[in-house]
Each structure stands twice: as C-alpha cells, then as structure tokens.
Amino acid sequence: MFGYVQANRKDLSEADKKKYKSFYCGLCRQLKADYKKEGMLSLSYDMTFLTMLLSDLYDEQLTKQCNRCVIHPVIKHECTHTKADKYTADMEILLTFYSLLDHQKDHDVNQHKSFSKQLEKYIPELEKRYPKQTKAITDNLDLLDEGEKVNSQEPEKMSRYFGALLGAIFTPYSDNWATELYAIGEGLGRFIYLSDAYIDLKKDLKKNKYNPFKTLSTEDNFEAQVMDLLSWAAADAAKAFEYLPLDEHCTILQNILYSGIWSQIEVNKKK
Amino acid sequence: MKDPYSTLGVTPQATEQEIKAAYKKLAKRYHPDVTGNSPEAAAKMQEINAAYDEIMHKKEGYDPFNSTNSNNNYSSEDIEFQAAYNYIRNHRFREALNALSGIQNKTAKYYYLTAVAYAGLNDLVNARTNAELAVRLEPNNFEYQSLLSHLANGRNAYQTRRYNYSPASSFGSVCLSLLMARLCCCFCL
Chain E
0 MFGYVQANRK
10 DLSEADKKKY
20 KSFYCGLCRQ
30 LKADYKKEGM
40 LSLSYDMTFL
50 TMLLSDLYDE
60 QLTKQCNRCV
70 IHPVIKHECT
80 HTKADKYTAD
90 MEILLTFYSL
100 LDHQKDHDVN
110 QHKSFSKQLE
120 KYIPELEKRY
130 PKQTKAITDN
140 LDLLDEGEKV
150 NSQEPEKMSR
160 YFGALLGAIF
170 TPYSDNWATE
180 LYAIGEGLGR
190 FIYLSDAYID
200 LKKDLKKNKY
210 NPFKTLSTED
220 NFEAQVMDLL
230 SWAAADAAKA
240 FEYLPLDEHC
250 TILQNILYSG
260 IWSQIEVNKK
270 K
Chain V
0 MKDPYSTLGV
10 TPQATEQEIK
20 AAYKKLAKRY
30 HPDVTGNSPE
40 AAAKMQEINA
50 AYDEIMHKKE
60 GYDPFNSTNS
70 NNNYSSEDIE
80 FQAAYNYIRN
90 HRFREALNAL
100 SGIQNKTAKY
110 YYLTAVAYAG
120 LNDLVNARTN
130 AELAVRLEPN
140 NFEYQSLLSH
150 LANGRNAYQT
160 RRYNYSPASS
170 FGSVCLSLLM
180 ARLCCCFCL
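Going line by line, the protein sequences match chains E and V.
Each residue of the first sequence is one higher than the one before, counting from 0 in numbering that gives the first Met the number 0.
Each residue of the second sequence is one higher than the one before, counting from 0 in numbering that gives the first Met the number 0.
To be clear, the hints were calculated from the coordinates, so they are not data collected in a lab.
Just so you know, not all the hints are guaranteed correct.
Chain V regions said to be covered by chain E (calculated; three or more residues, Cβ under 8 Å) [what the hints assert, rightly or not]: (1) 26-39; (2) 50-56; (3) 119-132.
Computed beta-carbon distance windows for the label pairs [said to hold, decoys possible]: (4) S12/E to N85/V: 47 to 53 Å; (5) C65/E to E94/V: 33 to 39 Å; (6) K105/V to R128/E: 39 to 45 Å; (7) D33/E to Y162/V: 48 to 54 Å; (8) K205/E to K24/V: 55 to 61 Å; (9) K17/E to A42/V: 25 to 31 Å; (10) Q60/E to R88/V: 38 to 44 Å; (11) A177/E to A42/V: 18 to 24 Å; (12) N140/V to T214/E: 30 to 36 Å; (13) T214/E to S165/V: 30 to 36 Å.
This one's a predicted model, so the numbers in the text were calculated from it and none came from an experiment.
The beta-carbon is built from N, C-alpha and C at its ideal position, and this holds for glycine as well.
Just chain V, with the same shape it has in the complex (with noise of 0.2 Å):
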C-alpha cells in the first residue's frame, strides 16, 4: 500500500488539524457532487480514506499490537488466543470478539484482549468493563493497567475542555419559546 502520508500530502510530524485539513481539501475535489460519481474518484476516496484512519489510529498512539512491538513475542500458552491477536493486529475487532467468544477459560489475558477488541470498535463502555476485569484479576500487570489509563484519557481530556467553557446554564432562547407557545396553541384547537 502506498505510504499514506503522501497520499494525504503531510508530513508523519504533521498535527492533526492539518492532516484534517489535507483530508478536506481531497475531499472536496473527489466529492461526488464535483466528479459526477465516476468510478475513478470513488476509487480514489477509498484510498484517500484508508490513508486518514491509518494516520489517525497512529496519531491516537495506543496500538498495542503493531508490528513494531517487540512485546509481540507470546509464548505457547498463548496459542489459543492467537487468532484474537492476530485479528486485532490486522484492525479486523469483529472477527476478533468471534475468535474471542469461544475461549471457554476466562482468564486476565481474555478479558484484556476483548477490551482491546472492543476499544478498536469505539464501543468504550465494553472496553473499560472488560479492562477492569483483566486489571482486577491481575492488578500487577503493565499492559493491562496501561489499557485502563489510555481509556480513561479520553475523559480527562474531555473534562478540561469542558472547564475551558462557561457554565451552561442558561436557555434564553426566543426562538425555542415561540415554538412551545405555538405547540401549546395546537393543541387547544
């Protein structure tokens, strides 16, 4: 596959704004409403696509499983899980849970792979669930516990975004109050 930051023409240093930014600037000359839905530019958006979620995932920096992780190394006990892993290596979360649920010993390692599985899915309360289980069922584990920090992150960084904001806490909309006193209206005809 071509290297997909010369597909999306960034640097690997690049932000995330401005690899957004590349994106759209694709986006927008492949869009269907400019090329008439030819086949030529569908094409090329898939590509231009693939190339975005290979950056981002990158970017996120949690990829426990890539090939450059010389962690990778599991021994033979590990041979049942070895689909699982090898599913989630190749970004295949599905197929993995599949793997997952016919592994009858429910074992730290399973529930920290089915969190992984399920964070690549973006379904994060699954993720977290399963996380704490692998955590509590062996707390001295690096990995594991690095999981459980890297899916809390999101939510920190969410709360101080959301202190950068005023309080909330007034409605004050016209607009919105005309429309109830006409809802209100409609239903006494």
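This is chain E alone, in the form it adopts within the complex (with noise of 0.2 Å):
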C-alpha cells in the first residue's frame, strides 16, 4: 500500500529472503482467497511485515504449502500462512479502499475508480468487524485534509495524525501488547508520512500542489532537519519493538525496522 516498510534485501539471508517471500506469498493467498482478485491488487509489504510480527508475538502456528500462482506460475515456491494473515489481509482491504477513496476526493480524479468500486462491496462487513479501526482510518484521514486545506506547515502534527491510523491498525487486540504494537504502527506511520512527503516535494513545488515540507525546505538545514524527524519516527518504532518478547522472525523485522525502511529515502538521495 505505501512500500515503505520492506526490507534490505542486501542483508538477509538465503533463508530469511525465502521466509520473508513466503509469509509475502502466504498474505497474497489469504486476499485472494477473501477478496478475490481485487484483495491481490491490494498487497504490500507493509502489511507482510505487521503479519510476520503478530505471528512471531503471538506464537501463532505456521502452515506452510509448496504452489505455483498467478504471479509466479513456472517455479513452485514456499507459502506460508499465519492467523494473523486473516485480519492483515482485512485491513489491507479498509486501507487501500480509503486511500483510494481518499486520493479520488483530493484530486478530483476518477482515477482508480473500478478498483475502489470493487472493493466497494467489502467495506460495510469489515466496518462493522473493525469499528476501532475504521474511526482511527476515516477520523485521522480527514484531519489530514483539513491540515492540507489549510497548508499546514507544521510537518510533524500532520505525521501524527497518519501515525494514529497506523497505530489503531498494528493493535488487533487490546491485550498486554497493544501500547507497544501501537507505538510500532505509531513510529513507522509517521515515518512513512514523512518519507512520502519528502520524496514529493520536487514534484509538489513544481506543480503547485501541497506538501508539508514547503516552508521548512527554505531553510538551510533542511535535509538535516527531515532526517531528524525520520530518524525520531524510526527510533520510537524501533524501542518499542525491541520492548517485545520476539524470537522467530527478528532477523528480518530488525533489517526492516533498522535498514529496509529507508531504501526509498536513498534512492531518491540518488537520484
């Protein structure tokens, strides 16, 4: 959905790449299975890394398959499947149809309209399971508009407000781990906002369109001071996460937390 949150490939294993392709795979199956074609339009990573740490918290139990799919119909790979693949699978579902809807009300677009309609159909049974993150996805969305209505320049208060969507979706129960998981959602949240709009600012001055960061890239230090807010964002999410009783997948959601994250951050540096 936003393809922040991935790892480093660089610095996995062999068998953490394969293990984090097969839980990758194993979310794609569950949206197919529940969502039909539109669910596996859907999938990011993202939402493989919040399944890799609700199974590894949870200890939930681990199905793996050998297949072939759609996307990868010659070679037969790993899948795994995981509890937590049913309620990810859901809120990549509510995320990406409110983004969606979202993005069509700010622009003015018919753009992507079929695929919204399609999911359409969806929404009322996930809002009536999951009304805490619904509120959390539609309330802070629509704060995020009124800051744009208004160009707000203040960078962190709008990152805020994604890190509360966020943060309502990483918390499927409201048990021991829910301040933590909250916080991990909360940080990385901010932190994609924040990258987002940072990669956008070229695109958005030279277009006249909003961007939090306007006012603040007039500034000298600039590019310290956006690191610095990411750097915050990533550091909250990461004391949160390493706050928890985790065994089975660290390796891989640490390169993600530590590494993964700023790929698209370099990428533009590059460029």
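Two independent chains are provided; combine them into the complex using the hints.
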C-alpha cells in the first residue's frame, strides 16, 4: 500500500529471504481467498511486516505449503500461512479502499475508480468487524485533509495523524502488548508520512500542490531537519519493537526497521 | 506478588535475550492453542506477562520514582503534584496525566511530570516536547536533563544499529515488479 516498510534484501540471509517471501505469498493467497483479484491487487510488503510481527508475538502456528501461483506460474515456491494473515488481509482492504477514496476526493479525479468500486462491496462488513480501525482511518484521513486545506506547514503534527491511523491498524487486540504494537505502528506511520512528503516535495513544488515541507525547505539545514524527524520516528518504533518478546522472525523484522524502511529515501537521494 | 524473576525462571542478571527466551518458552506452554482456553492457563499467562513487564521496565533503567529512590521525599510545595507522583509510581500513567491536566500553574516540574507520564505510555513525541519545555524553564535541573537525555538514548541506539546495515538503496524484487505489471493490466481491462 505504501511500500516503505520492506526489507533491505542485500543484508538478508538466503534463508531469511525465502522466509520473507513465503509470508508475502501467504498474505497474497489470503487476499485472493477472501477478496479475489481485487484483494491481490491490494497486496503490500507493509502488511507483510505486520503479519510477521503478529505471528511471532502471538506464537501462531505456521502452515507451510509449496505451490505455484499466478505471479510465479513456473517455479513452485513456499508459502506460509498464519492466523494473522486474516487480520492483515482485512486491514489491507480497508486501507486500500479509504486511501483510494481519499485520493479521488483530493484530486477530484476518477483515477482507480473501478478498483475502489470493486472493493466497496466488502467495506460494510469490515467496518462492522473493525469499528476502532475504521474510525481511526476515516478520522485521521479527515484531519489530514483539513491540514492540507489550510496548507499546514507543521510536518510533524501532520505525520502524527498518519501515525495514529497506523497505530490503530497495528493493534488487533486490546491486550498486554497493545501499547507497544500501537507505538510501532505510530512511529512507522509518522515515518511513512514524512518520507512520502519529502520524496514528493520537488514534484509538489513544480505542480504547485500541497506539501508540508514547503516552508521548511527554504531553510539551510532542511535536509538535516528532515533526517532528524525521520530518525526520531523510526527510533520510536524500534524502541517499542525491542521491548516485545520476539524470537522467530527477529532478524527480518529488525532488518526492515533499522534499514529497509530507508530504501526509498536513499534511492531518492541518489537521483 | 511473586518475585518476577522466579516466575520467568531467570536470574536478575539475565540478559534481555535470556528474558525473552524464558518468556517465550512459558508463553508457548500456556498458549490457548495448547491449553484450549483453560482459565488456569489464562491466569498463568497473566502472571507471566506481568513478570515480563516488571523485569523489562527495570532493565530500561529509568524509573524516576521507584520506591528505593531517595529523591522521593518531596516538599510541601509539591503537594499539588502528589496525586500525579503516586500514579506515576504505580505506573498508572493515564491517571497521572488526568491529574496533571487539572493543574493551572505550568511550572518546569509540571512539564517534567507530564513528560514522565507520556514516556510511560510510550508516547515519545509528547514526552520529548514536555521534557524540552521543562529543561528550557529550568536549564540547570539535573533531573530534567537526565530525562531528556534518557529520551534521546533510544535514537542514538537506533542510529548505531542502522549503520551496521549496508545502505538500503536497491529494490530488485521480481515479485513486486510482476505484481505492478499485473496491476497496470487490470486497470486497462
């Protein structure tokens, strides 16, 4: 959905690469089973992170399968299923639907209209099952819209709305781990929002579109200030992560948190 | 309450890794998938979770108002903060914030306590903002400074670990690119 929360593959062992991919494939299959083709189109690595995090934390049973799929029609590959797939697949659909809607509203375009139409039929049921998450998504997208309308130049404040949105997505249960899971989602949410705004800045300036960094970007130490905000966001997520008792997918999850999430920023810097 | 270390079966000197491993071993033993939602197992899980929290909080090393802290005797001027202190000491951070919200006089101490409560709730953005305000109002207060630097620890640790990885700048995921191709195709249909 955002594509920021993924691994730095150069630093993953072969075994971990295979494992990471098998969780991705597992989520894809779950999306296909529950939401058909529309589901598969919503697939993202961001939610693979959440799947692996939840499955490790709650010691969920893993079921492994070996099969071919539409995307990998030739080679048989491993595919891991876990209880968390169901939840993350549902979240993927909710998030995709509302961001498409928001995008259409903001830009007054009919882009992806057919896609959001296809997803629409699943939404009432999901809203009923996940009232907390739905409210967090719609409320915070509204707050972001309001900020955009008044041309808010407070990037951190804006990023916190997206943090609150993702924080809610990261907490399926209100149990002992809800505070930490929320904090991981919150930090990553801020990171995603800030990265996105930073990467889009040039484009937005050219097209005269909203961007929370416009004012800040006129300052001399702009780059350093952005990196500072990003580091705080990532570090806050990592701190909550390190608190949790995780043992199965730690190397992959840490690779994502400490390194992978910076991929797009670093690619952008090279341009 | 039972000693948290014996609940998890570790010594007070155990590393974070050992604590997590011990927790996981017990959590798997009392997992609902294994015990079939028995109430005894659920009660045991609660005890294990509480022990884990207690030990991990101690490991973090920053607990400004724990009972052994000698700085605990606050003078009468702190009377209005007493409720907040007590809540924080008992790790009831939401109630602490609630108690603080009724205070009109926003002194450095007010911001400091607010920061501590937010830190306890893992809301580190608000914790930092308030700690900075406390330090700005009373730059020479050691307690406030040490809170602020404690809050920066997480970030320094993060940066150190981040630079242990190679620069994350290539994607090259065939899986993803094929999916994107498929995505485009679908929109064309």
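Against which earlier hints does the structure fall short, listed by number upward?
Failing hints, ascending: 5, 7 and 9.
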